[in-house]
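A.B. asks: Given next are the chains, with one letter for each unit.
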Amino acid sequence: MRVAVPIFPGSNCDHDAMHACCNVMGWDTKPVWHQEKALPEGTDLVFVPGGFSYGDYLRCGAIAALAPIMTDVKRFAAQGGLVLGVCNGFQILCEAGLLPGALLRNESLRFIHKKVHLRTERTNLPFTRAFKPGQVIEVPIAHAEGNFTLDDDGLVELEAQGGVVFRYCGPEGEVAPEFNPNGAENAIAGIVNARGNVLGMMPHPERVVEPAQGGTDGLWLFRSLEG
Amino acid sequence: MKVRVLVSLKPGILDPQGKAVEHGLHGFGFAVEHVRIGRMIDLEVPASGIEEAKAQAQAMCDKLLVNPVMEKAIIEVL
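Each protein sequence line maps, in turn, to chains A and B. For the first sequence, the numbering used here gives the first residue as 263, with consecutive numbering after it. For the second sequence, the numbering used here gives the first residue as -17, with consecutive numbering after it.
Check the hints yourself; a few may be wrong.
[Claimed, not checked] Away from chain A, derived, C-beta distances all over 12 Å, residues of chain B:
(1) M(-17)
(2) V(-11)
(3) H8
(4) G11
(5) A13
(6) V14
(7) A29
(8) E34
(9) K36
(10) Q40
(11) N49
(12) V51
(13) I56
(14) I57
[Claimed, not checked] Below, in silico cross-link-like pairs of lysine to any residue (SDA-like), each with a Cα-Cα straight-line distance of 20 Å or less:
(15) K54/B x D413/A
(16) K(-8)/B x I57/B
(17) K1/B x A456/A
Read the hints as simulated data drawn from the structure, not as lab findings. A virtual CB, placed ideally from N, CA and C, is assigned to each residue, including glycine.
Using the sequences plus the hints, can you model the full thing?
C.D. replies: If you want it as structure tokens, here you go:
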């Protein structure tokens, strides 16, 4: 697996992403500066990391979505290449038009940093094929703008096409308002595009890939990618 | 020409900032409702007429200034 991790001014989860891919999974992982015009030759996965790209100016991810490297990420995605966006990476993919919807300020107005449970809604994707249907994993969130929103018709379409991959839930997989940390529509934590090759999620699977980090549930996603 | 773009959240989109400010105003005894917070962007564009200036600002809204999923804009030529 060859991984490219685009880095923008203000990215701060790039090293977590590279640690998970390179040191834990043993994949050939390359950082790619946002001013680059092309991804490394033979890239299999683009991992758009979290952070505060461009200081969240204008809207989270809006300026990063215009960075030179994103033109090639869009080309890569259009050819079926795998793209994973986590946290600010998810916001960037939405702003770039690679995923539907937008991430609003958390309903509580607060930055929330805690572990949450996620129910896996799709297991027939390159990102989730190692999961059992409905499997619950525990992964941390760390964001102020993770409140997923989409217009009513778009939301119906997204649900109908199986675009929701992860939903916030309780320890037993129960979806209820008390388990929705940020007010996201339908408790949506992660979505995939219609083609199934672009995944965006607010929680951080790359932060729980070895016991020293306090959990290993993120490995399910990375092992899925390994095939 | 100077153009002002007023960006606000669409009706129906939750505005937690507006809610918090509304709550704060209630604390001062103001009987205020439906507080919404937006963003004002002033631009200077090389246009020769009002319609041209508006069209340029609209194009900028479509490309970058507004996220149509959650926001709408009002364009004023100053």
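A.B. asks: All hints, please: hold or fail.
C.D. replies: Status of the hints after comparison with the structure:
Every Cβ of chain A is farther than 12 Å from the Cβ of M(-17)/B; the closest lies at roughly 22 Å, confirming the non-interface assignment. With a minimum CB-CB distance of about 9 Å to chain A, V(-11)/B fails to clear the 12 Å threshold, and the non-interface call is violated. Even its closest Cβ contact with chain A, about 16 Å, leaves H8/B beyond 12 Å, as expected for a residue assigned away from the interface. Residue-level check passed: G11/B sits 22 Å from the nearest beta carbon of chain A, beyond 12 Å.
Under the 12 Å C-beta cut-off, the non-interface status given to A13/B relative to chain A holds; the minimum distance is some 23 Å. Its beta-carbon lying about 18 Å from the closest one in chain A, V14/B satisfies the requirement of being farther than 12 Å from that chain. Here A29/B stays apart from chain A, with its beta-carbon at least about 22 Å from theirs, past the 12 Å limit. Against chain A, the non-interface label of E34/B holds: every CB pair exceeds 12 Å, the least being about 24 Å.
Once the 12 Å rule is applied to beta carbons, K36/B is consistent with being away from chain A; the minimum gap is 21 Å. No beta-carbon of chain A is positioned within 12 Å of the beta-carbon of Q40/B; the least distance is around 17 Å. The claim that N49/B lies off the interface is violated: its Cβ sits roughly 5 Å from the closest Cβ of chain A, which falls inside the 12 Å cut-off. Its closest Cβ contact with chain A, about 4 Å, brings V51/B to no more than 12 Å, contrary to its assignment away from the interface.
At roughly 17 Å, the least C-beta separation between I56/B and chain A is larger than 12 Å, which holds for a residue marked as non-interface. No Cβ of chain A approaches the Cβ of I57/B within 12 Å, the least distance being about 17 Å, so the stated non-interface status holds. At roughly 13 Å between alpha-carbon atoms, K54/B and D413/A fall within 20 Å of each other, so this suggested pair holds. A distance of roughly 15 Å separates the Cα atoms of K(-8)/B and I57/B; the hinted pair therefore holds under the 20 Å criterion.
Of the supplied pair hints, the one linking K1/B and A456/A is violated, its CA atoms being roughly 35 Å apart against a limit of 20 Å.
Of the hints listed earlier, those the structure fails to meet are numbers 2, 11, 12, 17, in rising order.
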